[in-house]
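Student: Here are the chains, one letter per residue:
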Amino acid sequence: QKEVEQDPGPLSVPEGAIVSLNCTYSNSAFQYFMWYRQYSRKGPELLMYTYSSGNKEDGRFTAQVDKSSKYISLFIRDSQPSDSATYLCAMKANFGNEKLTFGTGTRLTIIP
Amino acid sequence: EAQVTQNPRYLITVTGKKLTVTCSQNMNHEYMSWYRQDPGLGLRQIYYSMNVEVTDKGDVPEGYKVSRKEKRNFPLILESPSPNQTSLYFCASSLYTGGNQPQHFGDGTRLSIL
Chain U
1 QKEVEQDPGP
11 LSVPEGAIVS
21 LNCTYSNSAF
31 QYFMWYRQYS
41 RKGPELLMYT
51 YSSGNKEDGR
61 FTAQVDKSSK
71 YISLFIRDSQ
81 PSDSATYLCA
91 MKANFGNEKL
101 TFGTGTRLTI
111 IP
Chain H
113 EAQVTQNPRY
123 LITVTGKKLT
133 VTCSQNMNHE
143 YMSWYRQDPG
153 LGLRQIYYSM
163 NVEVTDKGDV
173 PEGYKVSRKE
183 KRNFPLILES
193 PSPNQTSLYF
203 CASSLYTGGN
213 QPQHFGDGTR
223 LSIL
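Chains as they are written, first to last, in my numbering: chain U, 1 to 112; chain H, 113 to 226.
For the record, the hints were derived by calculation from the structure and aren't laboratory data.
Glycine included, every Cβ here is placed at the ideal spot set by N, Cα and C.
There could be a bad hint or two in this list.
Stated by the list, open to error - Some chain U residues judged to face chain H by a derived CB distance under 7 Å, without partners named:
| hint | residue |
| --- | --- |
| 1 | K42 |
| 2 | G43 |
| 3 | P44 |
| 4 | L46 |
| 5 | Y49 |
| 6 | N97 |
| 7 | E98 |
| 8 | K99 |
| 9 | F102 |
| 10 | T104 |
Said to hold, decoys possible - Between beta-carbon pairs, the in silico distance windows are:
| hint | chain 1 | residue 1 | chain 2 | residue 2 | range |
| --- | --- | --- | --- | --- | --- |
| 11 | H | T127 | U | P10 | 31 to 37 Å |
| 12 | H | V126 | U | F95 | 40 to 46 Å |
| 13 | U | K42 | H | P195 | 23 to 29 Å |
| 14 | U | E3 | H | N140 | 28 to 34 Å |
All chains should be modelled from the sequences, with the hints used to inform the complete structure.
Tutor: Take a look at the structure:
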């Protein structure tokens with residue numbers, strides 16, 4: 001079983017819709033939770049970074065972490081065609097080598 | 113502009129021919145790391161470096177070497193590449209280890225080993 005599970009999609013939604021992306025994990029040592037966006041032929045770009053449980057909002061993006069359920073989510077409001085990309089969740093423990101453990105990514109397409 | 117720069121971006125080569133992928137960051141970051149990205153497997157860590165002259169293995173180090181002689185550079189060396197090392201490689205860096213420091217990624221190097 002993978003430490004981090006992420007639905008690979010693909011996911012297609014109309015412009016303006018609310019998008020929900022999710023990951024589950026099994027390692028209770030994970031304390032830091034991230035969402036990266038990756039465009040084709042580009043490296044992962046950090047979108048959201050949260051510590052422990054709770055919500056964090058940045059513009060149209062909201063990240064939620066529920067450590068009791070080992071479940072994290074990213075919500076995108078008023079989705080735009082420019083949001084079309086692969087979204088990667090990533091996590092790390094509060095010790096050790098700073099290694100990020102990634103989900104396999106969800107490919108998202110916003111239809112104009 | 114703050115960035116992580118990898119070279120080359122694309123390379124097709126043959127089995128056994130030594131190659132080096134360079135990684136350089138201009139942010140004075142202490143921590144640097146290499147990942148490979150494969151379909152269905154996500155990104156997996158190959159090697160990492162906590163600071164100059166300090167390197168260690170990640171989850172998939174077999175067939176790779178690294179060095180960290182200068183703070184800004186962290187080259188990945190494939191001494192005898194094999195087809196199973198065909199992959200998309202990313203270098204990442206962060207300011208320091210511990211705490212709330214995000215990692216910044218380069219744009220990747222696509223390697224094809226024939």
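Student: Does each hint fit the structure? Answer for all of them.
Tutor: Hint check results:
1. For K42 of chain U, the suggested interface contact is upheld, since its CB lies about 5 Å from the closest CB of chain H, less than 7 Å.
2. The beta carbon of G43 of chain U comes within 4 Å of a beta carbon in chain H, closer than 7 Å, and the hint placing it at the interface holds.
3. The interface hint given for P44 of chain U is met, as the beta carbon of that residue sits about 5 Å from the closest beta carbon of chain H, less than 7 Å.
4. Proximity of L46 of chain U to chain H holds as hinted, the smallest CB-CB distance being about 5 Å (cut-off 7 Å).
5. A distance limit of 7 Å between C-beta atoms decides the matter here; for Y49 of chain U the minimum to chain H is near 5 Å, and the interface restraint holds.
6. Of the supplied interface hints, the one on N97 of chain U holds, with its beta-carbon coming within about 5 Å of a beta-carbon of chain H, less than 7 Å.
7. Taking 7 Å as the C-beta contact cut-off toward chain H, the hint placing E98 of chain U at the interface holds, the least distance being around 5 Å.
8. Taking 7 Å as the C-beta contact cut-off toward chain H, the hint placing K99 of chain U at the interface holds, the least distance being around 5 Å.
9. Because the closest C-beta pair between F102 of chain U and chain H is about 4 Å apart, less than 7 Å, the hint holds.
10. Evaluation of the T104 of chain U hint against chain H yields a held restraint, the C-beta minimum of about 4 Å falling below 7 Å.
11. Distance hint check for T127 of chain H and P10 of chain U: the Cβ-Cβ separation is about 34 Å, which falls inside the suggested range of 31 to 37 Å.
12. Against the hinted window of 40 to 46 Å, the Cβ-Cβ separation of V126 of chain H and F95 of chain U comes to about 41 Å, which satisfies the hint.
13. K42 of chain U and P195 of chain H have their C-beta atoms about 25 Å apart, which keeps the hinted 23 to 29 Å range intact.
14. At about 31 Å, the beta-carbon gap between E3 of chain U and N140 of chain H stays in the expected band of 28 to 34 Å.
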